[in-house]
Amino acid sequence: MNFARLATDFAGIKMKTPVMGASGTFGFGIEYKDFLALDRVGAIISKGLTPLPRAGNEGVRIAETPGGMLNCIGLENPGIDSFLAEILPRVREQVGDTAFIANFSAGTVEDYGMMAAKLDVDGVDGVEVNISCPNVREGGIVFGTDPKAAAAVTEAVRKNTGKPVIVKLSPNVTDIAVMAKAVEEAGADAIALINTLTGMVIDTKSWRPLLGNVTGGLSGPAVKPIAVRMVWQAANAVRIPVLGLGGIASGEDAVEFLLAGASAVAVGAENFVHPDAVERVAEDIDAYLEARGLTHVSQLVGKVKIG
Amino acid sequence: MNFARLATDFAGIKMKTPVMGASGTFGFGIEYKDFLALDRVGAIISKGLTPLPRAGNEGVRIAETPGGMLNCIGLENPGIDSFLAEILPRVREQVGDTAFIANFSAGTVEDYGMMAAKLDVDGVDGVEVNISCPNVREGGIVFGTDPKAAAAVTEAVRKNTGKPVIVKLSPNVTDIAVMAKAVEEAGADAIALINTLTGMVIDTKSWRPLLGNVTGGLSGPAVKPIAVRMVWQAANAVRIPVLGLGGIASGEDAVEFLLAGASAVAVGAENFVHPDAVERVAEDIDAYLEARGLTHVSQLVGKVKIG
Amino acid sequence: MLVEVGAIVENDILSDDVRSMVIYVPEIAAQAEPGQFVMVKNENGGTFLRRPFGVADVDRNSGRLLLIYRVAGKGTRELAALEPTMEISVEGPLGGGFRFDAESDGKRTLLIGGGVGVAPMIYAARRLAEENPAAKPVFLLGIRSENELFWQDYLQDFTEEIIVTTNDGTAGIKGFAIDALPAVLDKYDIAHIKICGPTIMMEGLAKLAMARGIECQVSLEKRMACGIGVCLGCTFEGRVSGRRWKICHDGPVFPAEEVFEQ
Amino acid sequence: MLVEVGAIVENDILSDDVRSMVIYVPEIAAQAEPGQFVMVKNENGGTFLRRPFGVADVDRNSGRLLLIYRVAGKGTRELAALEPTMEISVEGPLGGGFRFDAESDGKRTLLIGGGVGVAPMIYAARRLAEENPAAKPVFLLGIRSENELFWQDYLQDFTEEIIVTTNDGTAGIKGFAIDALPAVLDKYDIAHIKICGPTIMMEGLAKLAMARGIECQVSLEKRMACGIGVCLGCTFEGRVSGRRWKICHDGPVFPAEEVFEQ
Ligand SMILES: Cc1cc2nc3c(=O)[nH]c(=O)nc-3n(C[C@H](O)[C@H](O)[C@H](O)COP(=O)(O)OP(=O)(O)OC[C@H]3O[C@@H](n4cnc5c(N)ncnc54)[C@H](O)[C@@H]3O)c2cc1C
Ligand SMILES: Cc1cc2nc3c(=O)[nH]c(=O)nc-3n(C[C@H](O)[C@H](O)[C@H](O)COP(=O)(O)OP(=O)(O)OC[C@H]3O[C@@H](n4cnc5c(N)ncnc54)[C@H](O)[C@@H]3O)c2cc1C
Ligand SMILES: Cc1cc2nc3c(=O)[nH]c(=O)nc-3n(C[C@H](O)[C@H](O)[C@H](O)COP(=O)(O)O)c2cc1C
Ligand SMILES: Cc1cc2nc3c(=O)[nH]c(=O)nc-3n(C[C@H](O)[C@H](O)[C@H](O)COP(=O)(O)O)c2cc1C
Ligand code: FES
Ligand code: FES
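As you go down the protein sequences, you meet chains A, B, C and D in turn.
For the record, in the first sequence the residue sitting at position 251 is 260 according to this note's numbering, with numbers rising by one throughout.
For the record, in the second sequence the residue sitting at position 213 is 222 according to this note's numbering, with numbers rising by one throughout.
For the record, in the third sequence the residue sitting at position 148 is 152 according to this note's numbering, with numbers rising by one throughout.
For the record, in the fourth sequence the residue sitting at position 102 is 106 according to this note's numbering, with numbers rising by one throughout.
Just chain A, with the same shape it has in the complex (with noise of 0.2 Å):
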């Protein structure tokens, strides 16, 4: 892997690839170390946060779908305060100097500033707002369908954090250029997508739906060209720049949200199939590069040719 080609400064974050793993997919990125090398992932986005210890939803949090999965898993996540006395010192042990950007979600828009302030220490890099998750309350997707409520949250982290800002967008909403557009005035130094599409599976059997949540966040392979088509939108929308996810399996996917115009991208499903995802999706991005004589990712960003 060439580094000098890979390396990506996002919104201030230092990776050494432009490849991440994404929130709830990726642990906090050691459970991974059989798989691939640490050092050679672009960022490690951790799993949501939330202001208090989550257990998470009742009964089944997993399902398959046609090219894709569902998953209503609630934020299971061990709170704030446990995530920087227990985990982020055995993160910034063993990853070295790989980004970390915490993941978080509140209820309110006081607990979204709460949460940018804890986080706002040494060993994490940026932060990543969810207001996108469809499967709690605290999940923060109605502030992740209203333009006013996005900008609100935003604001409170922007005026807690010194850190970078990433604030995560819903997929679910008629115009995501309108969402982007509102939280870039608020503040935030870049934009992620997508989050998981809402979604539900019926057992024919008992009659009653598969999760134990109703309904689930639809991820994989099967949303990919709804995140490509919402990536150039909010790209063509937003100064800042983008962090593209969705459905990423390959190299190839990879390119495609970059020529969208992400500046950088996220691996999410795909590491549940193939551990050592992140870390192929740069190498492909990097032999792509080499084949085509470009010397920089960021030749591709934004790049696709229309008309």
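These aren't lab readings, by the way, just hints derived from the structure by calculation.
Treat the hints with care, as some may be off.
To be verified - When the alpha-carbon atoms are kept at most 35 Å apart in a straight line, the in silico DSBU-like pairs for lysine-lysine are as follows: (1) B:LYS42 - D:LYS226; (2) B:LYS312 - D:LYS78; (3) A:LYS214 - B:LYS23; (4) B:LYS314 - A:LYS214; (5) B:LYS42 - A:LYS214; (6) A:LYS314 - B:LYS214; (7) A:LYS25 - C:LYS78; (8) C:LYS78 - D:LYS191; (9) B:LYS190 - A:LYS214; (10) D:LYS226 - B:LYS312; (11) C:LYS78 - A:LYS312; (12) B:LYS42 - C:LYS78; (13) A:LYS42 - D:LYS226.
Following the hints, complete the assembly by docking chains B, C and D with the ligands onto the known chain A.
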């Protein structure tokens, strides 16, 4: 097939089974005569008709995606007049008493009304008003994402026809229940959902969008969980019947939609893969009812058990 | 037109990226004519739509159908991994195929195939050779390099002569099929030309044919969802007729004039 | 823990819906312990996630891993269609497996398997028989009917006795494993019980074991996306510890007290 168990009156349209061929995927029905018995089809929903003939979009119109496909046909069709003069008589001759529903769209509210009036003829058993085609301006998606505009189109159609009016909603919205209620209040006899989700594929060789029209509509099994969720939300929001579609490939899939609240279903892209799908899905529903000792398909409708 | 689930009889390697698949589908084999195509689907695979392939040949006695395909993407990669005895769903025969009515003049036909476009021409060659053994077709074979000469084995018996061009000059004439065409037309009294290959190749060849007033048919390709004329993914406007044709249903073979400017 | 692409050596039919698959994956075979599991994926198939299966046995000399699986849905249907020599991706070994430390007391173990839950117990039986040939484990085999007696062939050599129960009474004792348990406990001096089967079956058995003060381990199942502790799809709260366990990472085997009310 036990037609007593399957016969369905959908918003006044009498159908031998609750399974229709979806607009744009079933031609005018007669193209499928080698593969299935046209008199075992619940209803044929025509390719989308427009006021004038349309050649459709230039360039590539079809792209396979994981678990589904994108299309940007762009409503290629011979136009309403040629349909009425040449196609409808041929259809009526060949399909016996199978229900025939004319799908159409237009660029203005007035033209929607005009189309409805022209289609208020013998041989047409109902109309499906497309306010959700993402691929052309005249496809009505501008009407399909704004509740007021959707209501205006519905009213115009309502005024101009005595046929049952089904309004086909777009899934590219934040809140499907709002759209469903708007068209119900405006006089729709039924709603159909979902139409396609807007998606994009970029060719990493040429750096151009793969599709001639840049974006296209995503359909197929990949979208099924989103469709089931939206049918469930819409069915809970309105009293008029719901036609459920989006990714149906099997009888089990259809049963999911029925349990979610659809009174009838349509098979779309799956017709391309298995041209006997409309008949097979009906047979499988019948077998499902039989195995559970149910005497009529309506016993499934909306019966998903929540909580 | 029907859907038939058939057993794979052979799935062999012809070159680095070209494979031949023989499938036992007696009903479709009994109906398929040269220039028609089928759409196949591995029901245990990871693709959604069927994949279109020209009928390379059929053996009606044994109920077998031959496909020759290039490993191009996910679907064909999965096809290449299948083993004999495994099942595959075949829909066909689709389209109208080549028209041979003009050939009733007894005059000689030139068949031109480029790349995997050679596949459907095998069956066409056999048909012509059987109908008029006295004037078997001449074949102009445009390939990339000598490692694609395997096509000759399929064509040998049904052709008067096979003229080969390769892009890299490793066999036959170095260059493209168009470079060899004038000499072929000089050597043989050709009244009919049928071509299947990349559009850019067909365009040049067809223009020359039309310029010389030779009856010429071309076989087109476009991304297809349905293969039976309902999705409208594959339409184009005929140059002469002005009609909107469906490649899958009205073609895939069209008179050159309908497709290319004269 | 690693991902290894292996060749399928056998893919055989054991009963109408149960299959055995032998895969050549030497590195994983060298590491896998009884009670651990693997997640497999057919890269040419139509499913997205891997599918978890218990390691039924390994042969470290030949680098082979045995899975025994029920054809339950799309993924296992596709697995059943694969032929020897075809490749499959295997991730593992996953989870911690059975703990055998308590067995250092030299006392006898009762293994109980229900349905395809018998699979991982084969390897456990072999391990116990090899470690303490003087007191091979007793096996309580809960199956639906006589057509599932094939399990005995796998267990024979490693067990003192196999007590069979069938739901329909076509072999052994008519009823469920729980119906046979008291008699087994009377006949043998059992100090340890290990169970794998449907939750409802394990619950009854484990309660009886706990009531009698017998050390008991149960192997759990839940829908899994990752198998390595990151997706949090498979967590539950331990009854005694109050900790949130990940079945894939911290299990799949747990002390009965952590799972079932005493
Ligand atoms: C009428 C017809 C006859 C054909 N006959 C042959 C033949 O005999 N031998 C042969 O090797 N190939 C033939 N092709 C091309 C062949 O269909 C494609 O190479 C194949 O579909 C690629 O599938 P894939 O999954 O490997 O590629 P992918 O790129 O993964 O396919 C994605 C989608 O694009 C479509 N697609 C990709 N390339 C093409 C293409 N060149 N033409 C049409 N659709 C494409 C696929 O069908 C699929 O829907 C024919 C195409 C048509 C339309
Ligand atoms: C740790 C563990 C070990 C297992 N060991 C075995 C074994 O040795 N032999 C065996 O036959 N089965 C075993 N199972 C169950 C086996 O994983 C499922 O039967 C299989 O995944 C079904 O896949 P499918 O695609 O055929 O079914 P589908 O219903 O189409 O699968 C859809 C999704 O649900 C999941 N799923 C479906 N049923 C189950 C289930 N019972 N348990 C967990 N996930 C499920 C699948 O993994 C997949 O993600 C084990 C499960 C776990 C968790
Ligand atoms: C099991 C699971 C858990 C997730 N948890 C979170 C989370 O805690 N916070 C968050 O912002 N996104 C979460 N996501 C969303 C992903 O980060 C990502 O946005 C989404 O899955 C789309 O990417 P993919 O298609 O590559 O998976 C989760 C996704 C999955 C599949
Ligand atoms: C090729 C194609 C053409 C379509 N044309 C129309 C159309 O003309 N009018 C319309 O209302 N919907 C059209 N649709 C949408 C389908 O009717 C259906 O709503 C959608 O495809 C979802 O169902 P599916 O996933 O089963 O395909 C079209 C879909 C496809 C794939
Ligand atoms: S492929 Fe559908 S119309 Fe030709
Ligand atoms: S399966 Fe992902 S945490 Fe256990």
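Out of the numbered hints, which ones does the structure contradict?
1 and 8
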